[in-house]
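Asks: Here is how the chains run, residue by residue.
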Amino acid sequence: MISRFWHKNKIPLLFLSPWLIGVTILAFIPMIASLYLAFTNYNMLQAPTWVGLENFNTMLNSDSRFFQSLKVTFIYVFLGVPLQLIVAFSLATVLNRGVKGLSFFRAIYYVPSILGPSVAIAVLWRQLFGMEGIFNDFVSIFGLEPQSWISDPSTSLYTLIVLLVWQFGSPMVIFLAGLKQIPSDLYEAAAIDGAGPAYMLFKITLPLITPIIFFNLVMQIIGAFQAFTPAYIIGGGTGGTLDSTLFYTLYLYIKAFTQFEMGYASAMAWFLLVIIATFTGLLFLTARKWVHYQD
Amino acid sequence: MSNTINQSNVTSSSKPTSNYSTKKKIFESVKFILLLLGAIVMLYPVMWMLSSSFKTVDKIFTEVGLWPSEITFNNYLQGWEGISGFTFSTFYLNSFIVVGLSILGNIIACSMAAYAFARLDFTFKKILFAVMLASMMVPIHVLLIPQYILFNNLNWINTYLPLVVPKFLATDAFFIFLMVQFIRGIPRELDNAARVDGCGPVQIFTRIIFPLMTPALVTTAIFTFIWTWNDFFSQFIYLSNPEKWTVTLALRGFLDTMGESMWGDMFAMSILSLIPIFVFFIAFQKLLIEGISTTGIK
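Heads up: the sequence lines are chains A and B, in that order.
Quick note on full-length UniProt numbering: the first sequence kicks off at 1 and runs consecutively.
Quick note on full-length UniProt numbering: the second sequence kicks off at 1 and runs consecutively.
Some clues are possibly wrong.
[Unchecked claim] The following label-pair restraints were derived from C-beta to C-beta distances: (1) A:50 to B:190: 52 to 60 Å; (2) A:283 to B:104: 34 to 42 Å; (3) A:145 to B:40: 20 to 28 Å; (4) A:282 to B:293: 49 to 57 Å; (5) A:5 to B:199: 20 to 28 Å; (6) B:130 to A:97: 52 to 60 Å; (7) B:34 to A:137: 17 to 25 Å; (8) A:45 to B:104: 34 to 42 Å; (9) B:199 to A:282: 24 to 32 Å; (10) A:258 to B:130: 51 to 59 Å; (11) A:190 to B:108: 47 to 55 Å.
Just so you know, these hints were derived from the structure itself, not from any lab.
Remember, predicted model here, so these are calculated numbers, not experimental data.
Idealized CB from N, CA, C, for every residue including glycine.
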């Protein structure tokens, strides 16, 4: 029995072994370990002590910074992602109608997506919306007083949302690929029937592109929940003025690696997993109502 | 209803064609100009940083125009001196070590796993494939703390091992998935022909499949390059010793220690840090955009 198992599987095992070791040691065991740590107090110096639901209790009942980080992250995700996708979709439809220099524009609009996550761009952003930044030169045209958009708690989060929207290039490219798949005879038939651009947009383009909208929405929401670099650099390693840019992952980092509350941070990590799973799950559940698959 | 539609159709087609095409041309030109304007607005911040990196510090915030009235390379020369006694030569070398090893690891480990999933038959294949897909969904934060404790116990903090070893263990499951999809597109007749010629599964992989999956490997290499080069979070957690810093970490270190007078150096080094990604983008633009269109990676 064992020898038959071995005979059948030894070569596949050879090929799979790096991944099997990796998924076991670096994913499966850590997941169980962090779930355990979520119910303990642990500072890496003494052994973890079991505290039951205390971490979750503190998080949900008496940690105002935790709530602030949730609020900031929710605004970032649920304002930033839809805005980004609206810009991406609009430009994709414009580019799809055939423009001179399509590949040029596609490349230019895509560039921010690869540069955006870097520290260099976060540094630039901090400067751009700072007291002496060029954004102030721009708003002065409209007679507005210069101010530091980064350190004003009522505007700082929006500078980060602008940074997210600025990186609309990658969903745009995916939209463009999807738009190319829509058979042009659908539009021709509609045009013969006298349909206007609005009709074509709402009755042909949008329904047929819903799978792509769904895909982009899921990917961008998952990504945005985990954003860290811009908030860290722009807020100078803290949550910014009055914690106005205290992203969830940033607060988790502070708990784990500056206050060494590893148990609490693990509880936060699992809470994040639940939040992300809930929202993607909800999206999948509602998908049946609004996503149309052609086959 | 159908009457009115027919009528409007008739009226539109009876328009003089020359008038219609001039209108269309004007519309096209306006669209082109608007798109160009949008592109300029998008790239303006980066251009501004580029131009500022060639200005003397006192002019960066006072001179409005993009073209520097007086070009200086001082920011680059001074910036390159780096911080904490290490120059950017060290930081670049470190970045390239981490990126190079990550690419190598991903290509070897992910292609092996992908070959097994796409072509070989083994016990629990379906379950393991599902596990692989599910592992892509787990946010890194859930794994972060136990991984950190593990690497700390192995004395791997302040080495590149925590950044690189996981790649040799195929933890970027996304690339496995990408390669599985690609291998499924390679005709099985090729495997069969090789088998007739006496090749075993190992030779079929090394001689047939691996060489044929070059496009998927290149896509993997490009995205590993961009992601690793830009990565801040994990490098930041594992590398605190300036000797080991990558370009990303050095920029952060710069930001922490500098005063107002160093913005020029900061911009110069930021621009330099973006150049490798930019060059990669220019070189592989077509492949990159195809990759995103077909798989939906960023």
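Asks: Next, verify each hint and record whether it holds.
Replies: Results of checking the hints against the structure:
Taking the beta carbon of each, residue 50 (chain A) and residue 190 (chain B) are about 57 Å apart, inside 52 to 60 Å as hinted. The beta-carbon spacing between residue 283 (chain A) and residue 104 (chain B), approximately 37 Å, falls within the hinted interval of 34 to 42 Å. Between residue 145 (chain A) and residue 40 (chain B), the C-beta spacing of about 26 Å keeps the proposed range 20 to 28 Å intact. In this structure the supplied range 49 to 57 Å is violated for residue 282 (chain A) paired with residue 293 (chain B), their Cβ-Cβ distance being about 27 Å.
At roughly 24 Å, the beta-carbon separation of residue 5 (chain A) and residue 199 (chain B) lies within the given 20 to 28 Å, and the hint holds. A beta carbon spacing of about 41 Å between residue 130 (chain B) and residue 97 (chain A) contradicts the range 52 to 60 Å that was offered as a hint. The hinted window of 17 to 25 Å between residue 34 (chain B) and residue 137 (chain A) holds, with their beta carbons roughly 22 Å apart. The beta-carbon spacing between residue 45 (chain A) and residue 104 (chain B), approximately 36 Å, falls within the hinted interval of 34 to 42 Å.
At about 49 Å, the beta-carbon gap between residue 199 (chain B) and residue 282 (chain A) misses the expected band of 24 to 32 Å. For the pair residue 258 (chain A) and residue 130 (chain B), the supplied restraint of 51 to 59 Å is violated, since their beta-carbon distance comes to about 38 Å. Separated by about 51 Å at the C-beta atoms, residue 190 (chain A) and residue 108 (chain B) satisfy the suggested range of 47 to 55 Å.
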